[in-house]
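A.B. asks: Take a look at the letters that make up each chain.
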Amino acid sequence: MGRRRFGIRLSLNARQALWAYVFLLVPMAFFLYIRIWPAFQAFDLSLREWNIVGEVRTYVGGANYERLAGDPRFARALLNTLRYTVVGVPAQIVLGLAIALLLERVTRYRGLLRAVYFLPYMTPIVAAAWVWQWLYSPNFGPLNGFLDAIGMPAQPFLDSPAQALYAVTAVVVWQNLGFVVVIFLAGLQSISRTYYEAARIDGAGARALFLHITLPLLNPSIVFAVVIGTIQYLQLFTQVVNLNFTDQGGPLDSTLTIVLYIYKVAFQRFQMGQAAAATVVLFAIILSVTLFQLKVLSRRIEY
Amino acid sequence: MSQRVRPELGMVLLYGVLVTGAMITVFPFAWMLLTSFKPFHEIFSLSFLPAEPTLENYAQVLLHTDYVRWYANSLIVASATTASVLFWDSLVGYTLAKLRFPGRNIIFVLILSTLMIPTEMLIIPWFVTSSELGWVDTYWGIAFPGIMTGFGVFLMRQFFQTLPDDLLDAGRIDGITEFGLFWRIALPLVRPALSALGIFTFLGNWNAYLWPLIVIQSKAMRTLPVGFALFSGEAGSEWNLIMAAASMAIVPVLAVFALFQRQIIEGVVLTGVKG
Chain D
0 MGRRRFGIRL SLNARQALWA YVFLLVPMAF FLYIRIWPAF QAFDLSLREW NIVGEVRTYV
60 GGANYERLAG DPRFARALLN TLRYTVVGVP AQIVLGLAIA LLLERVTRYR GLLRAVYFLP
120 YMTPIVAAAW VWQWLYSPNF GPLNGFLDAI GMPAQPFLDS PAQALYAVTA VVVWQNLGFV
180 VVIFLAGLQS ISRTYYEAAR IDGAGARALF LHITLPLLNP SIVFAVVIGT IQYLQLFTQV
240 VNLNFTDQGG PLDSTLTIVL YIYKVAFQRF QMGQAAAATV VLFAIILSVT LFQLKVLSRR
300 IEY
Chain V
0 MSQRVRPELG MVLLYGVLVT GAMITVFPFA WMLLTSFKPF HEIFSLSFLP AEPTLENYAQ
60 VLLHTDYVRW YANSLIVASA TTASVLFWDS LVGYTLAKLR FPGRNIIFVL ILSTLMIPTE
120 MLIIPWFVTS SELGWVDTYW GIAFPGIMTG FGVFLMRQFF QTLPDDLLDA GRIDGITEFG
180 LFWRIALPLV RPALSALGIF TFLGNWNAYL WPLIVIQSKA MRTLPVGFAL FSGEAGSEWN
240 LIMAAASMAI VPVLAVFALF QRQIIEGVVL TGVKG
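Protein chains in written order, with numbering that gives the first Met the number 0: chain D, 0 to 302; chain V, 0 to 274.
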């Protein structure tokens with residue numbers, strides 16, 4: 000009896016491992032072949048010249064990267080993407096935090112209000128972008144109708160190189176706001192009331208409570224919202240394409256982003272090597288920005 | 000302090016700000032819906048309500064474009080992908096959380112590392128592979144990059160880890176197979192995580208744009224976002240038609256939201272806390 004039990008125990012361990020490998024067979028094939036291997040292929044392709052038609056993929060070393068460095072449109076795409084991020088992320092964090100703080104104070108209709116703010120986040124980006132294209136329309140759009148009604152001059156919005164990028168950013172903020180609000184509401188609810196009560200007994204005012212209790216304890220939520228938001232803005236594509244559909248990238252490339260640049264170079268100009276090089280640059284940017292943010296933002300305050 | 004003196008005034012102000020914000024948020028939807036009922040000659044008048052409301056725009060979009068086909072395509076791709084993700088991500092998550100075997104950590108780190116790679120970097124190699132294997136312009140071609148996700152594996156692993164090992168050991172003694180343990184005992188216990196993952200996977204695929212835009216070539220294979228974008232480009236300034244098509248594109252999302260509001264909100268929180 001004892002010997003048999005020992006024997007079964009051993010084979011149980013081995014059997015468990017065998018089952019595990021059976022379970023992981025298809026998934027590992029997927030992750031290696033569809034997710035990891037293509038990343039190396041992108042690196043490889045970025046060192047080659049290939050126009051999609053021929054079979055020949057000549058090794059050209061860093062030529063594609065040099066071409067990128069010398070392309071003013073790529074510089075433009077980089078600069079624009081930076082602008083989107085620097086304007087959009089703080090805007091949605093501040094607005095989201097403000098709305099969450101206000102929502103936390105109300106007792107009636109909180110669920111309904113939260114649902115309304117969340118609605119744009121659920122909406123298909125393509126459909127929302129086309130609605131906004133109409134709202135922004137310079138001649139017949141409701142926004143200019145509104146400006147006219149309050150006695151302000153009409154604005155070109157998406158048709159102006161100076162305004163287009165900010166008009167696009169406003170749509171993205173509108174769309175992301177609900178997500179940020181929900182994250183902050185959850186963060187606020189996890190802060191124990193006792194901290195506030197103790198601080199109030201010590202005579203702390205509303206400002207001090209916010210600065211010394213709410214903000215530090217909300218740090219994990221803020222880090223998350225900043226990191227996720229930044230990654231989203233660095234990968235901006237769908238809104239940009241669909242808001243200026245006839246002039247993708249906006250007037251004078253004023254709304255062009257890195258991903259739209261990659262799409263154009265790869266699937267309109269068929270310079271696959273150069274496009275692959277741009278994806279490698281994007282990967283490097285996203286990786287370093289994310290690691291930097293995680294390090295700096297989460298280190299600052301630790302409790 | 001000063002707010003304490005006049006609490007009712009503060010409350011009025013609070014609701015005033017929140018309701019104004021909510022109205023601004025909702026305005027694009029209201030405009031879209033109202034324009035979709037206006038005949039063409041009314042759309043540039045800027046009146047909020049349609050003077051002669053009509054269903055003509057909806058009929059036009061449904062009867063004279065491939066809209067219904069695009070809708071069906073999106074449903075097929077999004078449903079199949081969601082089913083696949085739910086099955087595989089939970090199986091892998093369970094295996095990594097609950098089974099002991101050599102190489103477990105390496106495999107986990109490998110899958111986790113895929114989260115760092117932006118999709119854009121993979122798209123060109125995917126396109127090459129799809130062309131070589133004849134996947135371009137097929138449902139499989141649209142769906143294959145998303146049939147499993149590193150994020151889902153991570154999420155499910157977190158949840159399976161909270162299950163007690165004794166439970167599974169008891170099952171093992173009763174002679175249940177390892178797959179049976181996963182399917183009949185562990186899976187029903189993580190239903191909240193499954194519904195959150197399922198809803199977000201469905202919505203993500205329903206709304207996907209970049210990859211479908213690249214891999215789809217024929218009009219008939221377009222998913223809703225691709226079909227809608229290209230149709231709108233062709234429709235030009237017929238905003239009444241575009242708004243009708245947009246209204247219909249939003250319906251399933253609204254339905255999902257109305258039905259699963261709690262799970263969706265919890266899902267966002269879940270991903271926020273766990274991610």
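Derived by calculation from the structure, the hints in this document are not laboratory data.
Note that the structure is predicted; figures quoted are calculated from it, not measured.
We put the beta carbon where it would ideally sit given N, CA and C, even for glycine.
It is possible that some hints are incorrect.
The calculated label-pair distances, taken between Cβ atoms and stated as ranges, are [as the list claims (entries may be wrong)]: (1) V:Ala71 with D:Leu31: 27 to 37 Å; (2) D:Tyr108 with V:Pro52: 23 to 33 Å; (3) V:Pro101 with D:Gln188: 23 to 33 Å.
Facing chain D, from chain V, some residues (calculated, C-beta under 8 Å) [claimed, not checked]: (4) Leu17; (5) Thr19; (6) Pro49; (7) Phe86; (8) Leu90; (9) Val108; (10) Leu111; (11) Pro124; (12) Trp125; (13) Leu162; (14) Glu177; (15) Gly232; (16) Ala245; (17) Gln260; (18) Gln262.
Now the stretches of chain V that chain D is said to cover, found in silico as 3 or more residues with beta-carbon under 8 Å [claimed, not checked]: (19) 59-70; (20) 201-209.
A.B. asks: Each hint should be assessed against the structure and marked as holding or not.
C.D. replies: Right, here's what the structure says about each hint:
Evaluation of the 27 to 37 Å hint for Ala71 (chain V) and Leu31 (chain D) yields a pass: the beta carbon distance comes to about 33 Å. As the Cβ distance of Tyr108 (chain D) to Pro52 (chain V) is approximately 30 Å, the hint placing it in 23 to 33 Å holds. In this structure the hint that Pro101 (chain V) and Gln188 (chain D) lie 23 to 33 Å apart at CB is violated, the actual value being about 42 Å. The restraint placing Leu17 (chain V) at the interface with chain D holds, with a minimum CB-CB distance near 5 Å, inside the 8 Å limit.
Given the 8 Å rule on beta carbons, the hint for Thr19 (chain V) is violated: about 11 Å separates it from the nearest Cβ of chain D. The interface hint given for Pro49 (chain V) is violated, since its Cβ lies 14 Å from the closest Cβ of chain D, which is over the 8 Å cut-off. The beta carbon of Phe86 (chain V) comes no nearer than 10 Å to any beta carbon in chain D, farther than 8 Å, and the hint placing it at the interface is violated. With 8 Å as the threshold, the beta carbon of Leu90 (chain V) comes within range of chain D, its nearest partner Cβ sitting at about 6 Å, so the hint holds.
Because the beta carbon of Val108 (chain V) sits about 11 Å from the nearest beta carbon in chain D, more than 8 Å, this interface hint is broken. Below 8 Å, beta-carbon pairs count as interface contacts, and Leu111 (chain V) has none with chain D, the closest being about 10 Å; its hint is therefore violated. Satisfaction of the interface hint for Pro124 (chain V) is found here, the shortest Cβ-Cβ separation to chain D being roughly 4 Å, below the 8 Å cut-off. Below 8 Å, beta-carbon pairs count as interface contacts, and Trp125 (chain V) has one with chain D at about 6 Å; its hint therefore holds.
For Leu162 (chain V), the interface hint is violated, the least distance from its beta-carbon to any beta-carbon of chain D being 16 Å, above 8 Å. Taking 8 Å as the C-beta contact cut-off toward chain D, the hint placing Glu177 (chain V) at the interface holds, the least distance being around 4 Å. For Gly232 (chain V), the shortest C-beta to C-beta distance to chain D is roughly 5 Å, which falls under 8 Å, so the interface hint holds. With 8 Å as the threshold, the beta carbon of Ala245 (chain V) comes within range of chain D, its nearest partner Cβ sitting at about 4 Å, so the hint holds.
Residue-level restraint check for Gln260 (chain V) holds (minimum Cβ-Cβ distance to chain D is 6 Å; threshold 8 Å). Annotation: Gln262 (chain V) was flagged as interfacial toward chain D, and the flag is violated, the nearest CB pair being 12 Å apart, outside 8 Å. Counting residues of the segment 59-70 of chain V whose beta carbon lies closer than 8 Å to any beta carbon of chain D gives 0, which falls below the threshold of three, so the coverage claim is violated. Chain D is given as covering the segment 201-209 of chain V, and this holds because 5 residues of the stretch bring a CB closer than 8 Å to a CB of that chain, at least three being needed.
Comparing the model with each numbered hint stated earlier shows that hints 3, 5, 6, 7, 9, 10, 13, 18 and 19 do not hold.
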